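Here is what each chain is made of, one letter per residue.
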Amino acid sequence: MGIRVDFEKCTGCGNCVPVCPFGLIEITDDKARIKEGCTFCGACRDACTFQAIIIEAAPEVVPVDDTNRGVWVFAEQRDGQFKGVAYELLAKGRELADTLKTELSAVCFGHGLKEIEKLMAQGADRVYVIDDPSLAQHQEDFYTQELARLIQEHQPEIVLAGATALGRAFIPRVAAILKTGLTADCTGLDIDTEKRLLLQTRPTFGGNIMATIVCQYRRPQMATVRPRVFKRNAPDNSHKGQIIKVDFKKEAVTAKTRLLKFVEDLSERVKIEDADVIVAGGRGLGKPENFALVEELAKVLGAAVGSSRPPVDEGWIPYSHQVGQTGKTVCPKLYIACGISGAVQHLAGMQTSDCIVAINNDPTAPIFEVATYGIIGDLFKVVPMLIEKLKGT
Amino acid sequence: MNITVCLKQVPGTTQVKIDPQTNTLIRQGIKNIVNPLDTYALEEGIRLKERYGGQVTAISMGPPQAEEMLREAISIGADQAVLLCDSAFASADTLATAYTLAQAIKKLKDFDLVICGRQTLDGDTGQVGPELAEMLGLPFVAYVSQIEEIKDGLMRVQRLVEDGHEVIETTLPAVITVVKEINVPRLPSLRGLARARSAQIPAWTAQDLGVDPNMVGRAGSATWVVKIFFPQRVRRAEILPGSAEAQVDSLISKLKEGRLI
Chain A
1 MGIRVDFEKC TGCGNCVPVC PFGLIEITDD KARIKEGCTF CGACRDACTF
51 QAIIIEAAPE VVPVDDTNRG VWVFAEQRDG QFKGVAYELL AKGRELADTL
101 KTELSAVCFG HGLKEIEKLM AQGADRVYVI DDPSLAQHQE DFYTQELARL
151 IQEHQPEIVL AGATALGRAF IPRVAAILKT GLTADCTGLD IDTEKRLLLQ
201 TRPTFGGNIM ATIVCQYRRP QMATVRPRVF KRNAPDNSHK GQIIKVDFKK
251 EAVTAKTRLL KFVEDLSERV KIEDADVIVA GGRGLGKPEN FALVEELAKV
301 LGAAVGSSRP PVDEGWIPYS HQVGQTGKTV CPKLYIACGI SGAVQHLAGM
351 QTSDCIVAIN NDPTAPIFEV ATYGIIGDLF KVVPMLIEKL KGT
Chain B
394 MNITVCLKQV PGTTQVKIDP QTNTLIRQGI KNIVNPLDTY ALEEGIRLKE
444 RYGGQVTAIS MGPPQAEEML REAISIGADQ AVLLCDSAFA SADTLATAYT
494 LAQAIKKLKD FDLVICGRQT LDGDTGQVGP ELAEMLGLPF VAYVSQIEEI
544 KDGLMRVQRL VEDGHEVIET TLPAVITVVK EINVPRLPSL RGLARARSAQ
594 IPAWTAQDLG VDPNMVGRAG SATWVVKIFF PQRVRRAEIL PGSAEAQVDS
644 LISKLKEGRL I
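Same order as they appear, the protein sequences are chains A and B. If you read the first sequence in our numbering, its first letter stands for residue 1, the second for the next number, and so on. If you read the second sequence in our numbering, its first letter stands for residue 394, the second for the next number, and so on.
Derived by calculation from the structure, the hints in this document are not laboratory data. Misleading hints may appear alongside valid ones.
[As the list claims (entries may be wrong)] In the DSSO-like style, the derived pairs of lysine-lysine whose C-alpha atoms are separated by at most 30 Å in a straight line are: (1) B:K647 to A:K333; (2) B:K647 to A:K271; (3) B:K573 to A:K271; (4) B:K499 to A:K391; (5) A:K299 to B:K649; (6) B:K424 to A:K256; (7) A:K250 to B:K499; (8) A:K35 to B:K502; (9) A:K231 to B:K649; (10) B:K647 to A:K299; (11) A:K256 to B:K442; (12) A:K231 to A:K101; (13) A:K31 to B:K620; (14) B:K649 to A:K256; (15) B:K500 to A:K231; (16) A:K333 to A:K261; (17) B:K620 to A:K195; (18) B:K544 to A:K256; (19) B:K442 to A:K333; (20) A:K299 to A:K114; (21) A:K35 to B:K647; (22) B:K502 to A:K271; (23) A:K261 to B:K442; (24) B:K647 to A:K261; (25) A:K31 to A:K114; (26) B:K502 to A:K101; (27) B:K544 to A:K381; (28) A:K250 to B:K544; (29) A:K381 to A:K231; (30) A:K83 to A:K287; (31) A:K287 to B:K499; (32) A:K249 to A:K271; (33) B:K502 to B:K424.
All of these numbers come straight from a predicted model, not from anything done at the bench.
Please put together the full structure from these sequences, using the hints given.
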């Protein structure tokens, strides 16, 4: 893959300069020059009236194996219970499989798995199960080897997994074994039906721009998605599937890591991801002491306290409160954002909330694009008044 | 105990502003910095060296200006640094990046531990660490928040998970990624700054690594960006009018109507 400017055609008009999202084009000696760092997005090529910008496709390093079929979802569980993200991915996976006219399968590892029927009620046509005492706890070395082996045997075209602590740690290892592409933290998944390609959209560059990514020449196409980004479907108990029990090839894997113990963190009793109401503060609070205002409003509403990234980076509040692409994804009934401008990376973590209230003094703040109700004003006036009136009711 | 620390130079802000006239990123005034989480990786490497002896090598794949960042790593306490720099490495996805780093780390030979930051500020994927581990054929532990002990070729660490932490034992050599709870990074020392000024930082090319050009950079990447766009800017919110008091009253009545409070 490469980009070049045909100097015969280039007139140095400069139309391409402003459209480059990375500001990499300069006009020198009446010709457009493209600096290093190009992502080949094609914006400049499309803006050029003279067809002077040429993007050359890479040679097909690995011929695409177009025989891969089927959509797979890795269904994560702890203590025999599937995580919500497994059901959310099955809902999205069902949609993708229907568009591709193929089957949807779930894969699960563990011991004493009793809820497998639930995966079928959520849309799985098949469930591959490895049930073994040594898989009772998350054993990433086993998970990595066994998922890679099953994918190699059955050759699905798409594999989706939750971007949980477990998924983010072992799914990239599976992708590395399979030498295929993996896109982290997707917020949109669609199919290009003509090319039979998975279009994977995610926020990038600190979350201020969106990128659509494809894995054109390798299979499977793999993506992770954070919990609560997609909505799950209501279970359909009439949807039947097939359970395929797979033997655990333990002797083929040497585990080099060993889980000695798990210690639950009791300080995080109020989990923001489970809260019905969240009050969150952002950079607009100005200084750490002002977080007390957010905490007080949260207390009055019986809500959990959230934060955008800047206060966490500044050390005003612990990371466990961070909502967004690099923090937690939440979906409460009510989300009140105080002094949060709404960088895409924050929006990615809360925009599916049922009702969003934004309080901000900047009318152009992107938070108003996702909010249900907006108050343009000084949060130091509005929030204390809100607290007072709520206390009175 | 020889330690290799992977560093990346990134644009020093997450608050990228967009020029509404041209719809492009405003890059002026944005300095490149070392990826913040990588500074914790470097600090942990230096602490392990102080505890167990050995050497710390800082490694980065990037353009020529990343050399400046590696010099900074030496001023903080790294013993040596290597830059992987070749136009063939440009526009790599995580798979091609991990492959290039793996080849360089193999060339460095003698190491017991590779430390990476949990993820980068710009890409945010957190994938290079685990992919690198697999390509080196080494065990991997993510989100390490404390290294408890290293003894007899085994390392015991704490790692953060969603609702607490796990204690994990791994054989060495190994690859880990660290979170910012692990330490407080130090500042450069005067002696370090002097050492950094005179340090030789080799720049290895694809040829130096002996890698197949089709396995690195854009050509070696499995994923490509096909479209970049700015999120649609359409205001959806119902803006509540009036004075602060009127706004608050109307908000409370709307939330009550919706049975949200």
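| task | Any hints from earlier that this structure breaks? Give me their numbers in increasing order, please. | result | Per hint list: 4, 6, 8, 14, 15, 16, 19, 20, 21, 22, 24, 25, 26, 27, 29, 30, 31, 32 and 33 violated.
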